[in-house]
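Visitor: Spelled out, the chains give:
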Amino acid sequence: MSEPRKFHSVGTRPIRHDGLDKVTGRARFGADLSLPGMLYGKVLRSSHAHAHIRRIDPRPALQLEGVRAVITSADRPEIPSEHGTGGEGGPVDFRDLSRNVLARDKVLYHGHPVAAVAATNPRIAEEALGRIEVDYEILRPVLDVEAAMAPDAPLLHDDLYTRGVDPRPETPSNVAARIVIERGDTEKGFAEADVVIEREYRTETVHQGYIEPHAAVASTAEDGQSVLWCCTQGPFLVRSFCSKVLQLPISQIKVIPSEIGGGFGGKTTVYVEPLAILLSRRAGRPVKLVMDREEVFRATGPTSATSIRVRMGARKDGTIAAVKVRLVYAAGAFPGSPVVPGAMTMLAPYQLENVRIEGYDVVVNKPKTNAYRAPGSSMAAFAAESALDEIAQELALDPLELRLRNAVRTGSQAVYGPTFKAIGFVETLEAARNHPHYRAPLAPNQGRGVACGFWFNAGMQSTAAVNLTEDGSAVVVSGCPDIGGSRVSLALMAAEELGIPVERVRPVVADTETIGYNDVTGGSRVTFATGMAVIEATRDVVRQLCKRAALIWEVPVEQVEWREGEAHCRNGEAKDPLSLREIVRQAVRTGGPISGQASLTARGAGPGFGTHICDTEIDPDTGRVQVVRYTAVQDVGKAVHPSYVEGQLQGGVAQGIGWALNEEFVYDENGVLLNAGFLDYRIPVASDLPMIDTVLVEVPNPSHPHGVRGVGEVPIVPPLAAVANALFRATGVRFYRVPMSPPRVLEGLQSRK
Amino acid sequence: MARKSHVSTIVNGEPIEFLCDPPQTLLEVLREELQLTGTKEGCGTGDCGACTITLDGRLACACLVLAVEAEGRSIGTVEGIASGEHLHPLQKKFLEEAALQCGVCTPGLLVAAKALLDRNPQPTEQEVRYALAGNLCRCTGYDKVVRAVLDAAVEIGGESP
Amino acid sequence: MKSFRYEAPRTVEEAVALLAKGNGDARVLAGGTDLIVQMRTGVRHLRLIVDVKRIPETLRLEFDGTVLRLGAAVPCAAIREHRELRRIFPGFLEAAELIGSEQIQGRASVGGNVCNASPAADTVPALIALGAECVIAGPERTRSVPVEAFATGPGETVLQTGELLVELRIPAPPTGSGDAYLRFTPRTEMDIAVVGAGVCVTLDGEGRCTAARVALGAVAPTAIRVPAAEEALVGTDLGTEALELAAEEARAAARPIDDLRAPAWYRRHLAGVLTRRSLAIARDRAMRRA
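Residue numbers (the working numbering), protein chains in the order written: chain A, 171 to 923; chain B, 10 to 170; chain C, 75 to 364.
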């Protein structure tokens, strides 16, 4: 191995370029745009979780003064089943997408859109909704994922046949797909095991809980092109999804991404965006369509409730002999839960010879799930890492030691197939074991748990451009919305390659017509993949700078070397170095403006591993659990801007703690969400959490020029199990169901007696 | 339709007049009529703090104030925290210490944190956490936010001992 | 929000006249932290909103050493800023401070908390424990109703059409007394009480309990007093055993329901825990002030 590269910009902590606008209120988010003559849109949503739509009559709404357009599915082309790629690479059927945006014939969850209106102000739009007449034939809903699999369960789709079963079933069901990952011989493995446990785990539907509701402003010009301003993780995805749903050519849609107030995967599809476009086309005026919080909770994609069964066997020396898993994930109203990544990731940190994982994707009468940070992994890891903790307990092994004995290393084959290149899982386990936190004394009613997590990290497609300005600065143009500091990271990588201070690099996120195609901001891919494109584009610029210097010096370009922001001549002649500024100043004579561009499909995203230590304290009288200390250790490849890398870890942990302790969607028997607000959907508040310590382990990713690997997803994977394992060690009671809310914990404690 | 109400108020120190319907919240008027979009709507029910403003010096959620109530009152928003080109120490610390990720909760957090430091110039970590409990942030886990507020308090204390 | 008329009268008489004419479709606006949410979410449709924050009587905050006169629209933040009150009514202040965030505190009033008549209202058990009274102005007369009799059900009160809660009168507890309020919520803040317990105890020179009031929130359609718990305390030294007995009575008196915030069995259990814990705090306060 060569010496680790010395960086001058990458690894520093400059102020982000977009920061000033964000602390002064100038930054413009999805709902912050207003246009002259703009109308306000509202969506009529189903008041039933499962029903046929017999009839919709929008005419009374149109008669209200100030109403300019009403749309129902009758105003939209019906589209055939067509499979494409969703936000984070998962499959999407555009027919389902279209029906999720606006119900056709049948509503499948409470809150499913059935019509939309545009009016001169929001109150008129609201009143108009009340005038739209919808006649429903109410059907029995099915909400629980196990109940939905039962043969007599109400069917959501009468044309849904389970995929992945041979022969293809002859009757439709709510089971959309079955997948199997298998290696070795589990029966043989269990026979060789000294200890075998079998457990069942349940997790509930939880929401990403981004603070900014979905918002879109659409404006349609006389030539038929609609310009859409919206908060999204993927402006190109919005463009292509709107084009599918509305059957418009791509050229008729331009998407300008606003600043985005959180997404965590939840803004990688479309909801209000196509409706805003359609309303603006119908009304001939700009339309702003903003969800309120209740709509966000009722009708945007949360992540799956799950039911998981794990059978795990180990030998006395701690080797995991066999694991057998059944994963059942609720997809919501249409197929497409994250059961596949759940199955692939849940045992990825371990070298296992005998494994069988069977996964089921099941539809229920809840909103269609969407990506949520490391989609599918947190629930699977809750089960796997809880089971491992029990094995450690049974074998009287330190839980980190147990994991070390089974950990994947560079060259190990992953459960899901490929061979790991340079990875740092063992390093995170060792760093955790050596951390003072792991040996710190505990107070009464406290316990300490550990858990690990894995995420592939995505690559996918990116385009970036680097333009030098006439005063020798650089503008870095990308098409990936910056959801948590990626702009400054891209600027740092460009500054690194150019050898100029990051303050002279201006990073911007462009619209869909100003930069080439980019996949979504998601899957922890932007700093890795778009970063790679930025580096390639910058290296292109550097090559041009060298060429220009060669022209100025009248030497062959091979004699020019770029160092620390200057061209140096290597041919021995005493030539003063030429600065970037100087070369740009002379650019008009040497070939004109200098800019570079790169488009790529990024390969070799380095997988991420994390190990977390969690201390909980329990109030034995009430069952209330407080996390009192937390340390997250993660292999981050190379931390481009360490503060924002730490921030990713801290944020993911906080979401995981919320999921572990209090967050859950509570539905009544009719499928109505009872806690569609931040009061009763309890995400952590500042006083609920301790400081969250981070340890950044840096094992460079060999596929990236700066060693970058994605960091954002891994930190939400371990917390559920880390909290449960800590709680077990505080109380002697094992919790198999999250959230571990106070009544459930107290019930557990009382059962101990 | 009923006639609109005429409201005279002070926003960030400047006299402002506007017309509104009684059902319009102050948040809607700030954002849609006065184009002061720094104040955000996260929930509309007072549970997230993204629309935090001051009303006659006290914190409030602009989503739970009727615009007509603002008659004769003084309103402070995130746009009024910096004085001219000079950032408030809180704004500086938020930037230096990466106390924001997506930034949508940042305006509300800054208004609430400033109110805290105006009232209690040397808060403990615990006091900061409870004072900011009404401002949901889903990105940061609050760690860097709390540190930035504590460090801003130190900086302000150092400026005027 | 649907259309309505807004009025901001300057006197109690004007307010009462407006409310009387409003005929049930009118509602008082104080801090708005419940009312505006209810209107926004469509729980309430009103034709008239009477903003009482321009009436001097509803903004009164006066303590003369024996009685606190608390105008119905005074925001919780103002109560907290008062220099003397925390020493005299620590339990009541704890309850008032627990209502919502700092942002909510800037607007929400105790009067509004009482009039909203949620079974889980934080200040109500604390006010009952102190024997507070509601002063109500009406078209015919002004009357006074104890806080414990004010709410008649969830969202329902004794207020008749045209009546207005003007102020709360909260007597300072006698020497040797201590009050306390505790609630349980899953989060540390920004939550609705799963159960709340407000208590006030008085000790004589020998450390014997001469008077006790125990009130619980969120365990019945309205906040309730628990006389059996009070009886279990009077005459004792408020030791562990007496507190346990009172907790037992609190559990027995609770008539909670299952809802999304907690199952009934859990609320009943908490009624005991919080009664015991709040009594211990109140006892220690009383001992310090004996």
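Note that these hints are calculated values from the structure, not bench results. Please note: incorrect hints may appear among the correct ones.
Using C-beta positions, here's what the derived DEER-type ranges look like [to be verified]: (1) B:K13 <-> A:Q796: 22 to 30 angstroms; (2) B:N129 <-> A:G581: 35 to 43 angstroms; (3) B:S92 <-> A:S217: 44 to 52 angstroms; (4) B:D65 <-> A:R914: 56 to 64 angstroms; (5) B:S92 <-> A:E248: 38 to 46 angstroms; (6) A:S217 <-> C:D333: 20 to 28 angstroms; (7) B:K13 <-> C:R160: 40 to 48 angstroms; (8) B:N129 <-> C:P248: 46 to 54 angstroms; (9) C:P301 <-> A:R479: 37 to 45 angstroms.
All of these numbers come straight from a predicted model, not from anything done at the bench. Virtual Cβ for every residue (Gly too), placed ideally from N, Cα, C.
Visitor: Is it true that K13 (chain B) and R160 (chain C) lie within 40 to 48 angstroms of each other by Cβ?
Guide: 44 angstroms, holds
Visitor: A range of 37 to 45 angstroms was offered for this pair. Does it hold for the Cβ distance of P301 (chain C) and R479 (chain A)?
Guide: With Cβ atoms ~52 angstroms apart, the hint is violated.
Visitor: Cβ-Cβ distance between K13 (chain B) and Q796 (chain A): within 22 to 30 angstroms?
Guide: With Cβ atoms ~50 angstroms apart, the hint is violated.
Visitor: Could you say whether the range 35 to 43 angstroms given as a hint is met by the Cβ separation of N129 (chain B) and G581 (chain A)?
Guide: 56 angstroms, violated
Visitor: With 20 to 28 angstroms as the target window, see if S217 (chain A) and D333 (chain C) comply at their CB atoms.
Guide: 21 angstroms, holds
Visitor: Should the hint that D65 (chain B) and R914 (chain A) are 56 to 64 angstroms apart at their CB atoms be regarded as holding?
Guide: 44 angstroms, violated
Visitor: Taking the beta carbons of S92 (chain B) and S217 (chain A), is their distance inside 44 to 52 angstroms?
Guide: 50 angstroms, holds
Visitor: Is it true that N129 (chain B) and P248 (chain C) lie within 46 to 54 angstroms of each other by Cβ?
Guide: 33 angstroms, violated
Visitor: If you check the beta carbons of S92 (chain B) and E248 (chain A), does the distance land in 38 to 46 angstroms?
Guide: Since S92 (chain B) and E248 (chain A) have Cβ atoms about 58 angstroms apart, the given range 38 to 46 angstroms is violated.
Going down the numbered hints, you'll see the structure goes against 1, 2, 4, 5, 8 and 9, while the others check out.
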